[in-house]
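Since chain A is already given, all that's left is putting chain B on it; use the hints.
Protein sequence lines correspond, in order, to chains A and B.
Take the first sequence: its letters are residues 2 to 120, numbered as in the numbering used here.
Take the second sequence: its letters are residues 73 to 205, numbered as in the numbering used here.
Some clues are possibly wrong.
What the hints assert, rightly or not - Short, incomplete list of chain B residues facing chain A, as computed with Cβ under 7 Å: (1) F113; (2) Q146; (3) I149.
Said to hold, decoys possible - Here are the in silico distance ranges between beta carbons for each label pair: (4) B/K121 to A/K116: 30 to 40 Å; (5) B/G160 to A/N20: 19 to 29 Å; (6) A/P73 to B/L124: 41 to 51 Å; (7) B/D143 to A/N20: 15 to 25 Å; (8) A/K4 to B/V165: 25 to 35 Å; (9) A/E112 to B/D143: 22 to 32 Å; (10) B/K86 to A/D45: 30 to 40 Å; (11) B/P132 to A/S74: 43 to 53 Å; (12) A/E71 to B/T144: 32 to 42 Å; (13) B/K118 to A/S13: 25 to 35 Å.
To be clear, the hints were calculated from the coordinates, so they are not data collected in a lab.
Ideal Cβ placement from N, Cα and C applies to all residues, glycine included.
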Amino acid sequence: MAKILVADDQASMRLIISNMLKEKGHTVVEAEDGLSAYNRLKQDSFDLVVADVNMPKMNGLEFLKKVKAEKPSAKVIFVTGMLEETVKLGAENFGLDGLIIKPFEKSDALETIEKVLNR
Amino acid sequence: MKKVILTFFTSWSKSCQAELDNLQAIYGANRSDLEILAVSFDKKTKDLKTFLAKTNLPFPVLQDKKLLSIDTYQILIIPTTFCINRNGVIEKVFVDYDDNVKKALEEWLGIRSSDLPSEVRLWRTKEGGAKDG
Chain A
2 MAKILVADDQ ASMRLIISNM LKEKGHTVVE AEDGLSAYNR LKQDSFDLVV ADVNMPKMNG
62 LEFLKKVKAE KPSAKVIFVT GMLEETVKLG AENFGLDGLI IKPFEKSDAL ETIEKVLNR
Chain B
73 MKKVILTFFT SWSKSCQAEL DNLQAIYGAN RSDLEILAVS FDKKTKDLKT FLAKTNLPFP
133 VLQDKKLLSI DTYQILIIPT TFCINRNGVI EKVFVDYDDN VKKALEEWLG IRSSDLPSEV
193 RLWRTKEGGA KDG
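Bound-form chain A, shown alone (with noise of 0.2 Å):
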């Protein structure tokens, strides 16, 4: 099972991720913005980050930039509630594994956890 990193600035959002990948046998640490992920991450290896795009203190791009710079080979998905141009390119530019839009089905979103974690 994999260690995960959630990162999301609502407490209710971290919870319901955390629970939903708890519930598959994974273990999860949270982190409540980006800055935050970024220092946990520098500190302690994950095998997947679990992050929403908007985040305060850095925002998910520029977690992202900064995370694939530093650990090229660290797995990054993202949690959006709108599939913006923006967000898409700039994923694609730096290397984003995968994508969940918001709202999702409990399957398809482990099903997509699954698949960057076993590439």
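Positioned in the frame of chain A, the structure of chain B alone reads:
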């Protein structure tokens, strides 16, 4: 005052379809004591209209194509279902839908599956494949 079930769904989700199927049966058997409101996150009104024409849901359905209620109600997974008591207080929140959620919903309402009508399932058979009603 009636109990209220508020559910958020999309027409393309199989989990949502299963839950709406069950809610239709529950509503049919408990109409005097229960209100159900369904909010769709379908971005295309045409898709929602097609779905409603096929399912003929007996309770009000609203459409939130801008997904404004996602933040307000903190919704990630569909369906998300709120069970509200007669005083307007949210007593239960269910995320996703499976047999456990089905049982918990029925327990909250104080009903048994065997008391629910099976005829309401007929709309699902039109999609393909016979299904016991």
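Structure-based check of all given hints:
| no. | hint | verdict |
| --- | --- | --- |
| 1 | F113 | holds (6 Å) |
| 2 | Q146 | holds (4 Å) |
| 3 | I149 | holds (5 Å) |
| 4 | B/K121 to A/K116: 30 to 40 Å | holds (33 Å) |
| 5 | B/G160 to A/N20: 19 to 29 Å | holds (27 Å) |
| 6 | A/P73 to B/L124: 41 to 51 Å | holds (48 Å) |
| 7 | B/D143 to A/N20: 15 to 25 Å | holds (19 Å) |
| 8 | A/K4 to B/V165: 25 to 35 Å | holds (28 Å) |
| 9 | A/E112 to B/D143: 22 to 32 Å | holds (25 Å) |
| 10 | B/K86 to A/D45: 30 to 40 Å | holds (37 Å) |
| 11 | B/P132 to A/S74: 43 to 53 Å | holds (50 Å) |
| 12 | A/E71 to B/T144: 32 to 42 Å | holds (36 Å) |
| 13 | B/K118 to A/S13: 25 to 35 Å | holds (32 Å) |
Hint compliance for this structure: every hint is met.
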